[in-house]
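Peer 1: Sequence:
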Amino acid sequence: MTQPAISIQNLSKKYILGANSADSLRERLTQLFRLGQGSHQPEEIWALKDINLEVQPGEVLGIIGHNGAGKSTLLKILSRITHPTTGRIEINGRVSSLLEVGTGFHPELTGRENIYMNAAILGMKRAEIKKKFDEIVAFAEVEKFIDTPVKRYSSGMYTRLAFSVAAHLDPEILIVDEVLSVGD
526 MTQPAISIQN
536 LSKKYILGAN
546 SADSLRERLT
556 QLFRLGQGSH
566 QPEEIWALKD
576 INLEVQPGEV
586 LGIIGHNGAG
596 KSTLLKILSR
606 ITHPTTGRIE
616 INGRVSSLLE
626 VGTGFHPELT
636 GRENIYMNAA
646 ILGMKRAEIK
656 KKFDEIVAFA
666 EVEKFIDTPV
676 KRYSSGMYTR
686 LAFSVAAHLD
696 PEILIVDEVL
706 SVGD
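Numbering (the numbering used here), first residue to last: 526 to 709.
I should point out that these hints are in silico values taken from the structure, not numbers from a laboratory.
Derived lysine to aspartate or glutamate pairs resembling DMTMM-like cross-links, with alpha carbons at most 25 Å apart: (1) K676 with D659; (2) K539 with E625; (3) K650 with D672; (4) K596 with E615; (5) K655 with E633; (6) K656 with E638; (7) K601 with D575; (8) K574 with D702; (9) K650 with E668; (10) K596 with E625; (11) K539 with E579; (12) K596 with D575; (13) K657 with D672; (14) K650 with E625.
Here are the in silico distance ranges between beta carbons for each label pair: (15) K650 with F558: 50 to 58 Å; (16) T628 with Q581: 24 to 32 Å; (17) G583 with M642: 26 to 34 Å; (18) E625 with E668: 19 to 27 Å; (19) K655 with I541: 44 to 52 Å; (20) M642 with A663: 15 to 23 Å.
It should be emphasised that the depicted structure is a prediction, and the values quoted were computed from it without experimental measurement.
Note that CB positions come from ideal geometry on N, CA and C, so glycine has one too.
Taking the hints into account, I'd like the entire structure generated from these sequences.
Peer 2: Structural data, given as structure tokens:
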């Protein structure tokens with residue numbers, strides 16, 4: 526039996542609304558004093574509650590739900606951007622995430638410069654980027670614009686380029702959020 530690519534057991538994520546972190550004793554005492562004056566207690570919101578899931582290598586999983594259902598929270602946990610409150614996650618394989626359009630892109634830099642910078646941030650070696658550069662550009666269909674600053678790209682061009690860089694990392698697990706909804 527093969528090991529699952531993703532295994533999630535009893536995963537939950539809680540957010541506390543209206544809570545301010547107190548960095549000093551004075552701030553903490555001020556918060557306590559305000560609570561005594563009838564201020565609201567911070568409210569707990571469970572974005573995810575007792576999620577159990579296994580994804581086998583080669584499987585494709587789509588997560589569908591209404592706004593606020595916790596879809597993006599789950600993907601951020603799988604991408605290790607945030608941590609669960611409770612539960613266990615096991616990920617077996619290289620993960621690449623595309624959760625926000627062009628995260629790591631600089632608007633003043635050209636498409637070429639952003640490919641090298643973003644791919645390096647995502648863990649690719651310079652030689653690997655150079656080897657895959659033409660494929661990345663062709664997949665994104667931005668050949669004519671590769672030496673133009675990305676601030677002049679349409680949202681679709683920008684998204685395709687960001688997706689192309691992430692897809693060419695050769696991840697075993699590719700996590701994509703609503704980022705593609707703005708594409709052409």
